[in-house]
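Q: Take a look at the letters that make up each chain.
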Amino acid sequence: MSVVRMRSGRLTPGGNARAGVTRTVVGLLAIAFGSLGLATLASAEGEAASSARGEQLFALCTQCHGTAGEGNRDALAPAIAGLPAWYLEAQLNKFRAGIRGLHAEDTGGLRMYPMSQWLRTDEDAKAVAGYVASLPATNPAPALEAHGDAGRGAGYYAVCSACHMPNGSGNQGMGAPPLVGMNDWYLLESIRKYKASIRGSNPRDNLGQAMIGMVATLPSDEAILDVIAHIQSLDK
Amino acid sequence: MILESLLPAASSYARDIGFLFDLITLLVGVPFLIACYLFFAFIFRFAAKKVDKAMYITGYEHEYMKWIHRAHVPILVFDVIIVIFAVNVWYNVKQNLPEAESTVRVIAQQWAWTFVHPGPDNTLDTADDITTVNELHVAKDTLYHYKLESKDVLHNFSVPVFRLKQDAIPGRVITGWFEPTLAGEYDIQCAEICGIGHGLMPARIHIETPSQHAAWVAENSPFSLAKASAPELEVAER
Ligand SMILES: [Cu+2]
Chain A
3 MSVVRMRSGR LTPGGNARAG VTRTVVGLLA IAFGSLGLAT LASAEGEAAS
53 SARGEQLFAL CTQCHGTAGE GNRDALAPAI AGLPAWYLEA QLNKFRAGIR
103 GLHAEDTGGL RMYPMSQWLR TDEDAKAVAG YVASLPATNP APALEAHGDA
153 GRGAGYYAVC SACHMPNGSG NQGMGAPPLV GMNDWYLLES IRKYKASIRG
203 SNPRDNLGQA MIGMVATLPS DEAILDVIAH IQSLDK
Chain B
3 MILESLLPAA SSYARDIGFL FDLITLLVGV PFLIACYLFF AFIFRFAAKK
53 VDKAMYITGY EHEYMKWIHR AHVPILVFDV IIVIFAVNVW YNVKQNLPEA
103 ESTVRVIAQQ WAWTFVHPGP DNTLDTADDI TTVNELHVAK DTLYHYKLES
153 KDVLHNFSVP VFRLKQDAIP GRVITGWFEP TLAGEYDIQC AEICGIGHGL
203 MPARIHIETP SQHAAWVAEN SPFSLAKASA PELEVAER
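Chains A and B are the protein sequences, given in the same order. My numbering numbers the first residue of the first sequence as 3 and each following residue consecutively. My numbering numbers the first residue of the second sequence as 3 and each following residue consecutively.
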């Protein structure tokens, strides 16, 4: 429904798409069209330059997200290493445009919004997203003290699985990021924010608004913990 | 005069602080220029090749040392002058708290400002409060109290056109006041290093005429509000 409006739709093979694009038909088509161009060499060069630029820009992210992109709960910064480039780029662009992170109660978002302003061009956003995607996933250990019931959570997860896939691997076509490998505390925070319309309520955030609708199926904090327990039980 | 030629004065006490700024600039600046002149004049006038060997002064000869001692007199006098004028202004701006006509809450965090406006009932902490991010709306010629808080580390609520600066300290609610006297849109900045995003937490103050402000309040009270106004930072403009 809203995929068209996501900036991830603009990925090209010359950028940092290697992580996610090839898995989808869209990606394959893009590569097919891209390879028709004469610039195979130039695009390889561009990719190297973009990766170097991404690494350079990533120094800013490390302040909160850590040198390996492993995240830091005290800084309200989730693990980001190894997330798909299309998802990272889409979120960065939402922050840059003030579509995400400008709600008065979104303390973490209000940190990310100004930092995203360092990315002055779409190319920079793409470069840093590509670099972060190329980092090995850190698979953070559970950090929440409260634990839910994975069995009950499996029931709630049926709704999530439509976009995020039964194995939690995500689905670019639906704009749904992988859930396995995300911090449990970040999942909890995100779902709570969606429930309170602190995240996703911007009229230009179509996927966020969809999420606000979806999390309504989780009636309580207990249910949220249950579904997180289920996600944690999925294979990484 | 000097300061106001660089930056508009938009609060009731801005000119008092501008006067102090000018006073200090002149008291320090004029002797500084004289000192510079003498420094370079002596260097060129008494260059080694023009005169005999330099004289050694032990520091005990009153004859020579008086030129140093006498320069201390204006320093002390100027200090006293500055203190006399400053105490008055400091008392008026920081120690004195005139009665408020309205109160806003200012919340600093890494790296944004959240402003809570009292809404149509002009009372904070009621359901009709208007919360904005990086955007403060006030009415001209209205005396405001601000309640300044920080969610995390030290910040500083700085409104250059008001000549106002106040540290925000986590765990404390600091009350101060201002009265806008000039309509317009101006900068708010954080004036205390607060982390890597410190330079990226600018906000804007909108000083409106009372009728404009009433219209803004009516339009934005939560009962008619589509939340999360999203002013993009200056740096985002390409
Ligand atoms: Cu600050």
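No wet-lab data here; the hints were simulated from the structure. Hints may contain errors.
Calculated pairs, DSBU-like style, for lysine-lysine (alpha carbon to alpha carbon, straight line, at most 35 Å) [said to hold, decoys possible]: (1) Lys149/B / Lys197/A; (2) Lys68/B / Lys55/B; (3) Lys149/B / Lys96/B; (4) Lys96/B / Lys197/A; (5) Lys167/B / Lys153/B; (6) Lys55/B / Lys96/B.
Q: Are the hints correct? Go through all of them and say.
A: Status of the hints after comparison with the structure:
1. Annotation: proposed proximity of Lys149/B to Lys197/A holds, straight-line Cα distance about 29 Å (limit 35 Å).
2. Between Lys68/B and Lys55/B the CA atoms are separated by roughly 22 Å; this keeps the pair inside 35 Å, and the hint holds.
3. With a C-alpha separation of about 13 Å, the suggested pairing of Lys149/B with Lys96/B holds against the 35 Å cut-off.
4. With a CA separation close to 42 Å, the supplied pair Lys96/B and Lys197/A exceeds the 35 Å bound.
5. Of the supplied pair hints, the one linking Lys167/B and Lys153/B holds, its CA atoms being roughly 18 Å apart against a limit of 35 Å.
6. For the hint pairing Lys55/B with Lys96/B, the CA-to-CA distance comes to about 57 Å; that exceeds 35 Å, so the pair is violated.
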